[in-house]
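> Order-wise, the sequence lines are chains A and B. Sequential numbering from 1 applies to the first sequence in this note's numbering. Sequential numbering from 408 applies to the second sequence in this note's numbering.
The set of hints was computed from the structure by calculation and includes no laboratory data. Fair warning: this is a prediction, and the values are worked out from it, not measured in the lab. Beta carbons are placed, not taken as given, at the ideal position from N, Cα and C, and that holds for glycine. Some hints could be false.
What the hints assert, rightly or not - One-sided excerpt, in silico: chain A residues whose CB lies under 10 Å from chain B:
#1 Q14
#2 T16
#3 P20
#4 E36
#5 L47
#6 T207
#7 C294
#8 D295
#9 I297
#10 I298
#11 T302
#12 E390
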Amino acid sequence: MNLVRWLTGWVRVQVTGAEPESFLNALAQQNVPFWESFAPADYTMGLTLPRGQKNRAQTLAQAKGFSWCVVAEGGLPYVLSRLKARALLGLLAVAAALLFVSSGFIWDIEISGNETVSDGEILQALAECGIDVGKSWLSYSQDSVRNGVLLRLPALRWMTVSMQGCRAVVTVREKRTYIEPVPEKEPARLVAAKAGLITQINDLRGTAVTEVNKTVLPGETLVDGYATGRLGVQGPVRAIGTVYARTWYEMTMAAPETVSVKVPTGEKTTRFALILGKIRINFYKGSSICPAECDKIIESYTAAKTGWFMLPLTLEKITFQAYTLETQALQEGQEELSGQLMDALQQTIGSDGEILSATFTASRREGVLYVTLHGQCQEQIATAVPLTEEEILLIQERISTTEETDP
Amino acid sequence: MQTQTWLKTLSQRLDIPAEALSGAPRITLSGDGRVLVEGHRGLLEYAQERIAAAGRGCKIIIKGEGLRLLSMNRHELVVTGHLWAVELE
Chain A
1 MNLVRWLTGW
11 VRVQVTGAEP
21 ESFLNALAQQ
31 NVPFWESFAP
41 ADYTMGLTLP
51 RGQKNRAQTL
61 AQAKGFSWCV
71 VAEGGLPYVL
81 SRLKARALLG
91 LLAVAAALLF
101 VSSGFIWDIE
111 ISGNETVSDG
121 EILQALAECG
131 IDVGKSWLSY
141 SQDSVRNGVL
151 LRLPALRWMT
161 VSMQGCRAVV
171 TVREKRTYIE
181 PVPEKEPARL
191 VAAKAGLITQ
201 INDLRGTAVT
211 EVNKTVLPGE
221 TLVDGYATGR
231 LGVQGPVRAI
241 GTVYARTWYE
251 MTMAAPETVS
261 VKVPTGEKTT
271 RFALILGKIR
281 INFYKGSSIC
291 PAECDKIIES
301 YTAAKTGWFM
311 LPLTLEKITF
321 QAYTLETQAL
331 QEGQEELSGQ
341 LMDALQQTIG
351 SDGEILSATF
361 TASRREGVLY
371 VTLHGQCQEQ
381 IATAVPLTEE
391 EILLIQERIS
401 TTEETDP
Chain B
408 MQTQTWLKTL
418 SQRLDIPAEA
428 LSGAPRITLS
438 GDGRVLVEGH
448 RGLLEYAQER
458 IAAAGRGCKI
468 IIKGEGLRLL
478 SMNRHELVVT
488 GHLWAVELE
C-alpha cells in the first residue's frame, strides 16, 4: 500500500451479490478508485477503497443489490482518531492526578484586614511559621501559626488562617492606637494660629483681649483663660470661642511647558513562560528585562476556578510594546495649575473657611510655567493653648488681690 | 465494424499504433505475474482463475491462478497473480 493511500486512510470492504464484476464496472465508471480486489468465492468480492469514497461506494453497492460489509479500516486518520481519544483520556488522568496531589499544598495566600502592617511582613512571619506557597497544609496547626505570627508581629492583636481549597485565607486585626483626649476642664487660652485681621469674636468663656479690625500675629492671645464679672477676675478657666479673621495667602505652583508623550511604534514582542509552583520555565532566550523605551505588559492565566480548585500552573504572557517619546506642548497648563492652587488653598483654610477673592499671575522662565495665587480668605484662627503654671499662679494672685480690695 | 477495419488498415499504412486511431486495447504483460490492460470496456467475468474484460471489437480473457484485480479505473485495469494465458476472442 503506498504512502498516499495510508495518509488519506482506507477501508477494506466485502460485497456479496450476483455478478460482482458489474459493481467493479460501476465503480470505474463513477471514477471511484479501488485496489486489491479479490474474489475469494463465487458471488463474493473484497476490495479496498479510499476512506473518502466509502459512502459513495456503499450507495452504489446498495443500488445494485449487493450486501455491504466493512472488514477493516486503517491509515493515518484512524490512527489519529484513536490517539486523540487516548490523549484526551491521558490528559484527564493527569489533570485529576495533579488536582489530587496539589490539593494538599498551598498555592496562594490571601491577606485581608491589615492597614499599617504590610503584606510582606505578614507573609514573612507566616513563612517562618510554616505557611508558604508550595508547602503542605495538611500538618499545620492553627494555634501554633497564630501564636507564632502574633509573637513576631506585635502590631497585630488577632489573626486566623483558613484553607479554601489550595488558598490560605489570612485575616488579621491590628492594634489600635488611641489618642489621649485633652482634659476639657484644663485651663487654656485661645491664641491666633495665623496672622490676620480680626472680623468677628465669639468668646463663650474667657476674656477677649483683642477686638475687631485689629491685626494679630501667630501666637498672639485672643481670648485669655480667665473670666471677669462684677466681682472682678474669676478663674482660671478654659477659654472657649471662635475668632474669625481675614487672612491673605500667596501660593505658587510650577509645571513644565512641554511634556513627553509615549507614542507606540506598533512593534510588539510576545514571550511566554510557564510557572509550576515556584519553578519558572521560560519559553524564550535571554532575560525578561524590558529594553529601553519599551512597555512591559504581563498577563497571567492561572489554572484555577475561584472557590472550586486551583492548580499550581500559571501561564505568563509577556508583551514588550515599543514606543517613542514625543515632546508635546502642555495645553491648558495654566488652568490646571490654577485649579490645583484653589484646591490647595481650600485645603489650607479648612472646610469652614471661605475664599473671598483669588487672583492669578503667570510667568514663564526657562521652559517652566509658574502660576501664583493671591488669595483673600475668611477663617477661624483661634486655637486653644493650655495655660502654664506661672500664668495660672498669676491669675490666682489677681483674684486674691481683687478679693482684698473688695469691701 | 467496417469503420474499425478501415481505421486498422489506415493505422497499418501510416505505421502508427492501432490503439491511437481505433481505440483497440493495449495489453502489457510483465512476466507471468502482472498484466496491464489499457482501453478496456468493462469487466465481463471475475473469478480467481479467470478474468475477462471487454475491448473494442474483442474480448480479453486472462487465465491463471489466484488472480486479483489490483486496480481498475475507466481506462485501465491491472491484474496480478500467477498468469497462465491471455487470450483474445
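> Next step is simple, just say for each hint if it's right about the structure.
Each hint, compared with the structure:
1. Residue-level restraint check for Q14(A) is violated (minimum Cβ-Cβ distance to chain B is 14 Å; threshold 10 Å).
2. For T16(A), the interface hint is violated, since its Cβ never comes within 10 Å of a Cβ in chain B; the closest pair sits about 13 Å apart.
3. A distance limit of 10 Å between C-beta atoms decides the matter here; for P20(A) the minimum to chain B is near 6 Å, and the interface restraint holds.
4. Look at E36(A): its Cβ gets to within about 7 Å of chain B, closer than 10 Å, so that hint holds up.
5. Because the closest C-beta pair between L47(A) and chain B is about 8 Å apart, less than 10 Å, the hint holds.
6. At its closest, the beta carbon of T207(A) sits 125 Å from a beta carbon of chain B; the interface hint therefore is violated under the 10 Å criterion.
7. Contact between C294(A) and chain B, as hinted, is not supported at the beta carbon level, the nearest pair being about 62 Å apart and thus beyond 10 Å.
8. Taking 10 Å as the C-beta cut-off, the interface hint given for D295(A) is violated, the closest approach to chain B being about 63 Å.
9. The beta carbon of I297(A) is not positioned within 10 Å of any beta carbon in chain B (closest approach about 60 Å), and the interface hint is therefore violated.
10. The beta carbon of I298(A) comes no nearer than 60 Å to any beta carbon in chain B, farther than 10 Å, and the hint placing it at the interface is violated.
11. Annotation: T302(A) was flagged as interfacial toward chain B, and the flag is violated, the nearest CB pair being 57 Å apart, outside 10 Å.
12. About 125 Å separates the beta-carbon of E390(A) from the nearest beta-carbon of chain B, more than 10 Å, and the hint is not met.
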